[in-house]
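The lines below spell out each chain.
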Amino acid sequence: MYDILTNIFGNQIVAYIIGAALPLFVWILPFVLFAVLGERKVSAHMQDRLGPMRVGYHGILQTVADLLKLLQKEDIVTPAADRKLFNLAPYIVFLGSYAAFAAIPFSSIYIGSGIEVGIFYILAVSSFVVVGILMGGWASDNKYSLLGAMRSAAQIVSYEIPTAIVVLTLVMLTGTLNLNTISQQQTAYFWNWNILGGAAGSGITQILLIPFMVIAFVILFISTLAEVNRTPFDIPEAESELVAGFHTEYSGMKFAMFFLSEYANMFAVSAIVVTLFFGGYQSPFGYLGNSLGIPWLIPVEQLFWFLAKGVFFVFVQMWLRWTLPRLRVDQLMTVCWKYLIPYAVFNLLIVGIISLL
Amino acid sequence: MNLYDIIFYLFAAITIISGFAVVSSKNIVHAAFNLLFTFFGVTGIYVLLGADFIAVVQVIVYIGGILILLLFGVMLTNKITSVDIKSGTLHVIPAVLGVGIFAGVLISLMYTTNWKTSVLSDPGNTTIYNLGKLLITDYVLIFELLGILLLVALIGAASIARREKD
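Going line by line, the protein sequences match chains A and B.
Take the first sequence: its letters are residues 1 to 357, numbered as in the numbering used here.
Take the second sequence: its letters are residues 1001 to 1166, numbered as in the numbering used here.
Zero decoy hints are in this set.
Computed list of chain B residues with no C-beta within reach of chain A, every gap over 10 Å:
id	residue
1	Ala1013
2	Ile1016
3	Ile1045
4	Asp1138
5	Tyr1139
6	Phe1143
7	Leu1146
Derived lysine-lysine pairs resembling DSS-like cross-links, with alpha carbons at most 25 Å apart:
id	chain 1	residue 1	chain 2	residue 2
8	A	Lys143	A	Lys84
9	A	Lys143	B	Lys1026
10	B	Lys1026	A	Lys84
11	A	Lys73	A	Lys84
Simulated from the structure, these hints should not be mistaken for lab results.
Bear in mind that the values here come from a model prediction, so they are computed numbers and not experimental data.
Idealized CB from N, CA, C, for every residue including glycine.
Please work from the sequences and hints to get the whole structure.
This is the structure we're talking about:
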C-alpha cells in the first residue's frame, strides 16, 4: 500500500503521513458524523419518538449543523483549571483512540502497519486514553470531573484483564498476534470464522470449540463495552450523579475532541471484535470479484464487509445503551472480578485442551 | 544524517527534556504527567532499535500500569497535590559524588560491552517468535520462577485487600 502511495506522491515521508491520515479523514470523521446522528435516531425510535427531523431529509444533516455550532463556541478554560494539562488532555485521549487504528486491517490491501504484535499493541495504546482521562479530570479542578476520571480509569484498567485473557485465547488458537494474519486465516466462507471454531480446527474439534468461542465473544464484547465507557458501564459519565464526568468543564472544540475519540473508540473495539471472531474483512459468502473475474473488486468488497460488520457492532452498542440501566460501582467491579475474569480463565484452559486434541 | 537519525534525536530529546521536567517540577502531579513523555520517548527508541515486543511491553507496563498507579496514588492522597515539593539544590558534594560514580560505571560499561552492532539478516523480521522460543527453552526455569513470584504478589495483594470477617 505504501509503495502505491510513494509512487503517487513521489516522496516516502509524504506517502507515509498520508497513509497514516487516511482512516481519520476518509472513515472516522464521516463515521462519527453519522454515528452521532445514528445514536440519536436509535434512542428516539426506541423511546417512540422521531429524533432530529428538521435539518435535511429526516435530519441527516443534524450533526453537521451541530459541528458548525461547536466550531463557533467560545473555548472556556475555568480560572482554577491547570491550563497546560487541561488543553493537552483531549489530544492525548484522541491519540490513544486513533493509534489503535494503525494495526486494524480494513482490507487486505489497507492496513496502517502490519506489525506482528498487532493486537498486543492495540491493548497497550489504550492506556494513553486512561492517562488522558485522568489528566483532563484532574486539570479541570472540579470534583465531578475528578470523580468521573477516577471511575473511568479504574473501570478501564479492571476490564483490560478479561479483554487480555480472551485475546490470549484467540492468540493461542490462531498462533499469531497479527490481526492481518488472523483475518487471512478466516478466509472463504462464514463457517471458517473464529466464532464458529475457526479454520484451524478440523471436524469434531471445530464443533467442540463453538460454545467456548461464543463464551469468549460474549466476555470480550462486555469488557470492550466497559472499556469505552458505554451503558450499562457508563458510571464515569453518569449524568444524574456527575453532570458529564471527566469532560464536564470542556467546551467547544475540546469537548468535540472527547466526543470524537469516544465514537472512534466505539468503532475500534467493534473492529477488534469483528477481526477476532467474525472474519475481519472476509466476506461470508465468497467474493463477487472472484466469480466475475475482476481482481480489483475484491479489496473493495473486503472494505465494505469490514465496515458493515464494524458498524453493525456499533449499532449493537447503541441498542444496549438505550435498553439497559446503569450498573452501580460495586456491581461493576463484581461483574469484572468475580464473573468475567474466572470465566475467561476457565475458557482459556478449555480452549487450550480442545485445541490439543 | 538520514531520517532515522533525526527520529532518534527527536525521541532522545523528548526523553531527556521530559525527564528533566520530572525532577525539576514543583508540582508532583505535573512531574507524574511528564513521566508519560519520558516513557513515550523510550518507547520510540525501542521501536527504532527494532525491538517491537519490548516497545509494546514498555507502553503496557510503564504507561498502562506504573504511571496510572502513580497518578492514582498521587491524586487520592489527601493534601499532596497542593504541597510545593522541594526541588532546589541540597548536599552538593555527596550528590556530585554519587552521580559521578554512577555515570562513570554506566560509561565504562557502555565502552566495555561487546555490542551486537551488525545489521540483522532480516531487519523487517519480528522478535516475538524468537523471544517466545527462548522463553520456553533456554530460560524456562527463570520464566516459571517469575510466574510464581508474580502469583505470590497477586495472592498477597488479594489477602491485604480482603475484608476481615467478624
